[in-house]
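Make the full structure from the sequences, and use the hints.
Counting from 1, one number per residue, gives the positions in the sequence shown under the UniProt record's numbering.
It is worth saying that the hints were derived from the structure and are not from the lab. The C-beta atom is built at its ideal place from N, Cα and C for all residues, glycine as well. Treat the hints loosely; a few may be bogus.
Label-pair ranges, simulated between beta-carbon atoms [as the list claims (entries may be wrong)]:
#1 ASP414 / PRO288: 33 to 43 Å
#2 SER314 / GLN81: 52 to 62 Å
#3 ASP414 / ALA365: 49 to 59 Å
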Amino acid sequence: MSDPRRPRVVVLLILAMAATVLSGCVSIPTSSSPKPIGTLPSRGPSAAVPTPRAGMTPEALVRDFLKATANPGSNHQAARQYLTESAASAWDDRGDALIVDQISVLTDARTDDSYSVRVIADNTGTLSSDGHLTPATGRVESSLRLTSVDGQWRIDGALPRGVMIDRTQFTSSYRTHNVYFPSPSGERLVADPRWVYATGGTVADQVIDLVVGGPSAELAPAVDPVLPGSDSVRASVQTNNAGGRTLTFAGLGNVDARGRALFAAQVIWTLAGADVPGPYVIQADGAPLDERYADGWTTADVASLDPAGPSRSSTGLLVIRSGSLDRVTDTALAPVSGTLGSSGSVLSAAVSDNGQRVAAVTRTASGEELVLGDLGGSVTSVASGRVITRPSFGADDDTVWAVVDGRVERFRRDATGAITSAGTVSSNGVAAVAPGDITELQVSRDGARVAAVVGGVPVLAVVAVATDGTVSLTGIRVAAFNIGSQAASLDWVSGDTVVIARRTTDSPIVQVTVDGTPAVGLLSGNLTPPVTAVVGDRTTLYAADARGILRLGSTNGDPDQYWNEVGPTVGTGAIPVLAQ
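Take a look at the structure:
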């Protein structure tokens with residue numbers, strides 16, 4: 001469980017019913033009331049996988065086989081019960097698993113003792129062996145042959161390699177957990193969501209195995225795994241007398257003090273996020289990982305790397321109104337000090353996490369200009385172009401990202417205040433995933449991922465940093481296949497969650513996580529489309545609609561049931577700006 005001294009954070013998320021969690025359809029699931037993500041109950045498997053029953057029809061047996069594949073234990077022994085002995089012995093269940101929905105079992109041929117069927121289904125996701133889920137779309141088809149064994153139907157003959165899992169059974173049997181890995185700077189922990197078969201008390205063992213196993217292939221270029229590798233490290237987990245966990249690792253070898261501190265933070269925040277209680281006694285190669293915490297660690301001991309830590313800024317909401325940057329008070333809008341508060345040419349802006357830096361795009365006689373400087377102070381021209389997207393700071397308060405005439409660019413301010421180009425970011429793979437112009441690009445607060453709108457389609461990518469310092473976007477994929485191509489604006493509300501504004505009257509605000517599940521709709525009943533912009537953090541969202549800026553947050557710890565107007569912005573055409 002989380003440290004009781006740590007305030008609970010909320011992300012306002014309208015959850016779908018459990019049955020729609022992995023739906024591949026184009027509709028956006030919603031529910032009648034918001035549920036903060038920080039208060040979701042821990043759930044084990046709600047439905048055990050079925051076992052063969054006497055007298056099952058071929059169709060029923062195939063459907064139950066696809067449900068039984070959800071249990072990966074003993075090389076899918078639960079599913080092998082549906083096969084003949086020879087088929088069970090020959091089946092190669094290794095590799096990725098397809099999560100399928102809308103399953104049809106069609107008979108191709110039949111005799112008294114044999115059946116040939118085709119299984120046709122919607123592909124909603126691909127689950128890798130390390131629990132990483134990638135959203136997918138399209139239809140899949142597989143042929144199966146059944147034979148009668150002692151009067152009971154069983155699947156016989158060659159089976160396709162890997163498994164297909166019925167989506168409903170998957171959502172009943174798996175939970176997603178964030179496994180954390182340090183950023184290359186060691187200043188942040190980056191979430192790597194994994195889907196784990198929920199088997200009661202083994203969650204701690206499973207997530208620690210994932211920590212030791214290293215980051216997913218998608219995230220690996222953006223993080224530092226610390227450990228020398230899964231082949232050389234061994235781990236065991238036991239419950240200790242204090243009700244927490246004792247973790248024993250072997251093979252840490254020459255991991256230095258900095259690496260040990262990062263590794264402790266990885267372990268502790270991964271376990272705490274999985275509702276595994278502390279204190280956490282961590283042993284490394286026969287001795288305490290750190291003698292200072294020989295009796296056990298708590299989340300307070302690694303609070304500086306809390307993935308859900310609060311923003312360092314107290315700036316509050318800013319807005320762009322009539323081309324100038326204003327501060328919002330309870331009753332009025334007041335221009336910020338400096339050029340941006342009076343220029344009348346500001347098109348978009350971003351404020352750094354610490355609230356000290358500002359980047360803005362301004363209109364010029366020949367096009368647009370990107371400027372960077374101190375909030376309320378002077379700004380310096382960084383780049384110019386025909387079209388420049390809204391800037392983004394990400395993890396570094398002195399590095400700003402923007403797309404300049406189609407090129408993803410980074411610019412850095414050094415200790416002297418001088419600003420230099422940090423280089424073009426390779427984004428060659430974007431067009432293959434979503435053709436069109438990049439009209440929005442935002443970097444996550446941990447610096448590991450970007451979310452972008454490309455031709456109206458929201459996409460996600462990983463920020464890969466090579467040994468020579470060059471940066472590229474890898475692991476590029478559509479954020480979710482049920483969003484469509486009407487996205488207008490997006491923002492990271494946490495390291496693994498993006499909120500998106502869509503040019504539509506149906507669910508104009510949706511939210512999607514990087515765990516491979518579809519987007520879900522947020523409350524929209526009192527929004528007045530079109531919604532043109534959205535920004536937010538873990539506790540509050542701000543959206544610009546036809547009336548002004550509206551707020552969705554929490555009141556006295558309870559989620560708001562509707563969007564509330566930010567009074568001074570009504571009728572002003574203002575655009576919200578929030579510290580990153």
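Tested hints:
At roughly 40 Å, the beta carbons of ASP414 and PRO288 sit within the given window of 33 to 43 Å. For SER314 paired with GLN81, a C-beta distance near 60 Å keeps the hint of 52 to 62 Å intact. Separation of ASP414 from ALA365 is about 30 Å and departs from the stated range, judged on CB atoms against 49 to 59 Å.
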